[in-house]
Every structure is written in structure tokens, then in C-alpha cells.
Amino acid sequence: MSGILDFFEQHIEIIYLLTFTIFLGFEVISKIPTVLHTPLMSASNAISGVVLIGAILVIRVTDPTDYFALIMATLGIILGTINLVGGFAVTGRMLEMFNKKKRKTR
Amino acid sequence: MNIVLLNGVLFLASILLIIGLRKLSHPDSARNGNTLGAIALALGVLVALVYPLETQNNNYIFIVLGILAGSVIGLLAAKRVPMTAMPEMVSLFNGFGGLSAALISLVWLVNNNSEGSGSDLGIVLLNLFLGLVAFIGSMVAYGKLSGFLKDHHLKIPFSTVVNIVLLVIAIGLLFFLSYNGFLSTPQLALFSVLALVYGIVFVAPIGGADMPVVISTLNSLTGITAAVSGIITDNKLMLLGGVLVGSSGIILTLLMCEAMNRTFVNVIFGSFSSSKGTGAGAEGTAKEINTSDLAIQLAYSQRVCVIPGYGMAVAQAQKVIKEMEELLDDKDVEFKYAIHPVAGRMPGHMNVLLAEANVSYDKLLDLEDANAYLESTDVVIVVGANDVVNPSALDDPSSKIYGMPILDVSKSRSVVVLKRSMNPGYAGIQNPLFFKENAKMLFGDAKKSIELILSELKDV
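Heads up: the protein sequence lines correspond to chains A and B, in order.
Under the numbering used here, the first sequence has 5 at position 5, and the numbering climbs by one with no breaks.
Under the numbering used here, the second sequence has 194 at position 194, and the numbering climbs by one with no breaks.
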């Protein structure tokens with residue numbers, strides 16, 4: 001139990017930030033037209049590639065002789081990058097399709 | 001490097017990310033939004049590369065190689081994937097993100113000799129758990145979407161009970177293991193296996209028709225993992241990005257549930273198993289129509305409406321439907337598409353396919369507009385959709401989909417259902433629509449059938 005209280009005390013700033021961000025998230029994306037469901041999902045999927053940053057931060061403090069950790073962290077970087085780069089690229093491709101069609105018809 | 005400057009860049013990136021996501025929810029600015037988001041994260045990555053840390057082993061060579069490899073794979077995959085395979089692609093990417101987050105936890109533990117305060121270890125274990133669940137869950141979803149995992153392969157007895165018990169054990173273990181301030185390797189392995197098993201049990205029993213809900217839930221889960229990873233590595237941009245993804249995923253999930261008139265809990269636990277078909281009483285003989293009669297009927301209609309479903313994606317019929325639209329347009333027939341929010345296997349699936357075939361989005365009607373439009377439609381063509389046009393949802397309280405808002409095609413003058421056979425749809429529910437007075441069936445592959453209609457139309 002004291003562990004939980006400690007946690008709150010140590011991370012109070014983060015907890016504030018977390019709470020506000022959750023509200024912000026719901027506000028920002030409250031009303032999405034059906035056309036954009038897939039692009040929004042695929043873009044937000046790309047944004048979860050932000051874990052790449054975490055993978056970079058942990059590999060930078062990893063002991064260079066610890067091969068297991070290095071391999072795992074590198075794998076983390078590769079996977080995070082695929083998620084990030086692939087996600088944005090595929091969303092861009094999808095949105096381009098929407099725009100192209102719009103110009104054609106108007 | 002100046003730490004104030006770096007923090008400033010990170011702050012700027014956070015703002016850009018919020019603006020980017022905001023723009024993504026409007027059709028006109030969505031592309032800019034996507035670009036802004038990408039810029040924001042690129043800035044975040046740059047800052048992470050040079051940010052001063054306590055111990056700086058850097059290991060830049062591994063970072064550079066990892067990013068290069070990941071970029072090449074990601075770009076190639078993004079370029080090559082056909083739009084019909086988008087649900088699979090999104091699941092796959094999502095799973096990678098989840099695994100990456102789990103690996104962050106693992107490496108953190110190695111770096112800290114598996115020691116830390118109870119709350120630190122608790123968060124790291126939580127992240128490991130969420131990351132692994134997101135990973136394995138996405139892989140199961142991928143398997144289901146690409147067809148090599150069928151629902152009946154994944155029958156888990158008492159899945160609801162197993163699900164809850166596993167979750168309780170996992171939470172208990174998380175507190176227990178983090179309490180000591182040290183984790184042994186077997187403990188870590190046990191916890192990881194538990195997370196993986198839970199992930200499978202979580203997704204496996206959810207039926208194919210509920211895939212849009214599953215995909216957006218898993219998406220949200222990866223976002224939450226990213227946010228937790230942000231707490232572990234003390235990076236605000238990760239925290240923000242993760243929470244934004246988490247909330248957008250939750251919003252989409254709830255929208256999808258609403259479109260099926262079911263609660264989230266019902267989708268997760270009351271799994272929509274495929275074998276127990278209801279709809280007894282839906283008996284009778286379905287009338288067939290042939291392509292030449294249909295072509296003539298279409299040519300002399302004023303208003304035609306297509307209702308696409310997953311079957312359109314399977315048959316790759318979107319391009320021929322667009323051709324049909326053009327042909328009928330020349331004959332002054334008004335042609336629209338009615339899109340149900342849960343048609344297909346992911347949110348907005350039909351919109352993407354039709355956009356790929358260059359269908360203009362002012363021709364796409366959403367549920368409400370479509371139902372108003374259907375009242376004055378001469379011919380409705382249902383292409384590979386089933387449950388979203390099932391009238392049981394309106395008038396049969398014993399049906400599993402009773403109460404789900406549907407596209408009410410009975411209001412239109414006539415309905416033609418393009419279908420491969422009389423088998424019930426993915427949800428395993430018989431469809432009384434086929435026996436209605438105004439309905440006719442056109443059996444066969446949707447694409448081939450429409451091609452035949454096209455050649456007949458050219459002669460009319």
C-alpha cells in the first residue's frame with residue numbers, strides 16, 4: 001500500500017499531466033467523420049511508434065558489453081521504426097487517395 | 001548540447017503533435033495533420049538521440065542501423081500493401097509498436113540489474129504486460145484478418161472466466177513481484193508468459209464481425225503502453241503521444257460499439273461466437289434474378305444505391321462498382337453508396353476501398369442519410385454485406401443483433417443481394433432479408449456478377 005502512496009508522491013507531476021492529456025485527447029478527437037476513421041486510426045497507430053524514442057533512450061544507457069540488452073534494444077528500435085515510418089507512410093498514401101479524388105470531381 | 005534548447009524543441013514537438021491530430025479529424029486538413037505528426041515525432045527522435053543522460057554509452061551504431069533497417073522495412077511495406085489489406089497492415093504495425101514497448105521494459109530491467117523501487121518496478125512490469133498483450137493480441141487479430149486463424153481454431157472453454165482469472169492473477173503478480181524491489185529471471189519469464197497467454201485469451205474468442213472493435217481497442221492499448229513507456233524513460237512527448245493515441249482509440253472503439261448497439265464489455269466478454277445461428281423463422285424461398293434483367297432494371301431506375309460490405313473487399317469488386325457508377329451516370333441514374341460504420345473489418349474500411357477506386361466522397365452516405373435516401377431508391381444492390389442489412393435487428397428480439405442500427409433496405413422499391421451462396425454471414429446469423437417480398441438474390445462472385453451487368457448495361 002505504501003508503495004502506491006510513494007508512487008503518487010514521486011510522480012505527482014506526471015499524474016497531473018496524464019490526467020490533463022487524457023481530457024485533451026478526448027477533446028481533440030471528439031467528432032470524426034466516417035471517411036476519416038481509417039486514416040485517423042492508422043495515423044494514431046503511427047504515433048504509437050513514439051516508443052522508438054523510449055527504445056533510443058534505453059539503448060543509450062545500455063552497457064556496450066551486454067549483448068543481450070543491446071540486441072533486444074536494437075530489435076525494439078527496428079520494430080518501433082517500422083511502426084512509426086510505415087504508419088505515417090501508409091496514412092499519407094491513403095490520404096493522398098482521398099485528396100486526388102476530390103480534385104477530380106470538383 | 002544545451003538542455004534548455006532541447007526541452008524547447010520537445011515542447012514544440014508536443015504542440016505540433018496536438019495540432020496534427022486535431023487536423024487529422026477534418027477531411028480537408030487531414031494530410032497536413034499527418035505530415036505535422038510525422039515532423040513532431042521526427043523532432044522527438046532527434047532530441048532523444050542527443051539528450052544528455054546520466055551514463056552515455058550511446059551505442060549510436062546500433063541506433064542508426066536499427067532506424068535504417070526499420071525505415072526500409074516500414075517504407076517498403078507501406079508502399080506495397082494493397083488497400084484491401086489495410087486492416088492486416090494496421091494490426092501488424094500495431095503489434096510491432098507493442099513489442100517495442102515491451103522490449104523497452106526488458107532492457108530497462110537489464111540496465112538496472114532488475115532492481116528498483118517498488119513503484120518503478122511496478123510501472124515497468126505494467127508496461128511489459130500491456131506491450132506484450134498489445135503485441136500478441138495484434139498478431140492474433142492479424143491471423144484472423146488474413147484468414148489463417150479461423151474463429152473455430154480459437155475456441156477457449158469458459159473464455160470469460162479464464163479471462164478474468166488471468167487478469168486478476170496478473171495484477172496480483174504485478175504487485176507481488178514489484179514489492180521486493182528485485183526481479184529474478186524466472187519471475188520475469190513467468191510474468192511475460194502470463195501476459196502472452198492473457199493476450200491470446202483476450203482476443204481469440206472475439207468473432208470476426210467484431211474486428212473493427214478489436215482493432216481499435218488494440219490500437220488504443222499500444223497507445224497506453226507508449227504513454228507508460230514515456231513515464232519509464234521520463235519523456236513527455238511519449239507520454240503525450242501515447243495518451244492521444246489511447247484516447248483516439250477509445251473514442252473509435254466506443255463509436256464502433258455504438259454502431260452495433262452493444263457495450264464494450266459485451267463485445268469483449270459476450271463474444272459473438274459464430275456457430276449459434278439464430279434467426280429461426282427466417283424461412284422461405286429466396287428469389288433469384290439474372291444479370292440481364294438486373295441490368296435493364298438498373299438502366300431504367302432513377303436512383304440506385306450500393307451497400308458494400310466485407311464481401312466487396314474479398315471479391316475486389318470496388319473498381320467494377322465504380323465503372324457501374326459511371327455507366328449509370330451516363331444514363332442519368334443517380335448512384336450513391338450507403339456505408340454502415342461497422343461494414344468491413346476495421347473502422348472506415350469501405351471508405352478506403354471506395355476511395356482507392358476513385359469514388360468521390362460526396363457519393364458516400366452515412367447511416368442516417370442513407371436510411372433517408374433508401375426510402376426513395378429504386379434498386380439497392382447489396383455487395384457482400386450481410387449483418388448490416390439484416391432486418392432481424394429491427395423486428396426480432398431473439399436475434400443476437402437485435403437493436404443494432406441497420407441500413408433498412410426494406411424501404412426501397414427493390415433489393416438485389418450479391419452473394420456467393422445462401423450461407424449466413426460472418427456473425428453466423430440467418431438473414432430474413434433474402435426472403436422478403438422486394439428482395440432478389442444474384443449468386444456468384446460479386447466482381448464477376450458486376451462485370452456481367454456492365455456488359456449488359458453497355459447494350460441497353
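Treat each hint with caution, since some may be false.
[Said to hold, decoys possible] Straight-line alpha carbon distances no greater than 27 angstroms define the calculated DSSO-like cross-link-like pairs of lysine-lysine that follow:
#1 A/Lys31 to B/Lys236
#2 B/Lys150 to A/Lys31
#3 A/Lys31 to B/Lys23
#4 B/Lys331 to B/Lys458
#5 B/Lys23 to B/Lys236
#6 B/Lys322 to B/Lys440
#7 B/Lys23 to B/Lys155
#8 B/Lys236 to B/Lys363
#9 B/Lys447 to B/Lys331
The set of hints was computed from the structure by calculation and includes no laboratory data.
Are the Cα atoms of B/Lys236 and B/Lys363 separated by 27 angstroms or less? 42 angstroms, violated
Going straight from one Cα to the other, do A/Lys31 and B/Lys236 come out at no more than 27 angstroms? 26 angstroms, holds
Please work out if B/Lys23 and B/Lys155 have their alpha carbons no farther apart than 27 angstroms. 42 angstroms, violated
When you check the alpha-carbon spacing of B/Lys331 and B/Lys458, does it fall within 27 angstroms? 10 angstroms, holds
Hint consistency between B/Lys23 and B/Lys236 [alpha-carbon to alpha-carbon, up to 27 angstroms]: 21 angstroms, holds
Does the structure keep B/Lys322 and B/Lys440 at a Cα separation of 27 angstroms or less? Holds: B/Lys322 and B/Lys440 sit about 22 angstroms apart, inside 27 angstroms.
Measure nothing beyond the straight line between the CA atoms of B/Lys150 and A/Lys31; if it is 27 angstroms or shorter, mark the hint as holding. 34 angstroms, violated
Has the given pair, B/Lys447 with B/Lys331, been kept, meaning a C-alpha gap of at most 27 angstroms? Given pair B/Lys447, B/Lys331 holds - Cα atoms ~22 angstroms apart, limit 27 angstroms.
Given the hinted pair A/Lys31 and B/Lys23, is their Cα-Cα distance within 27 angstroms? 12 angstroms, holds
When held up to the earlier numbered hints, the structure conflicts with 2, 7, 8 and fits the remainder.
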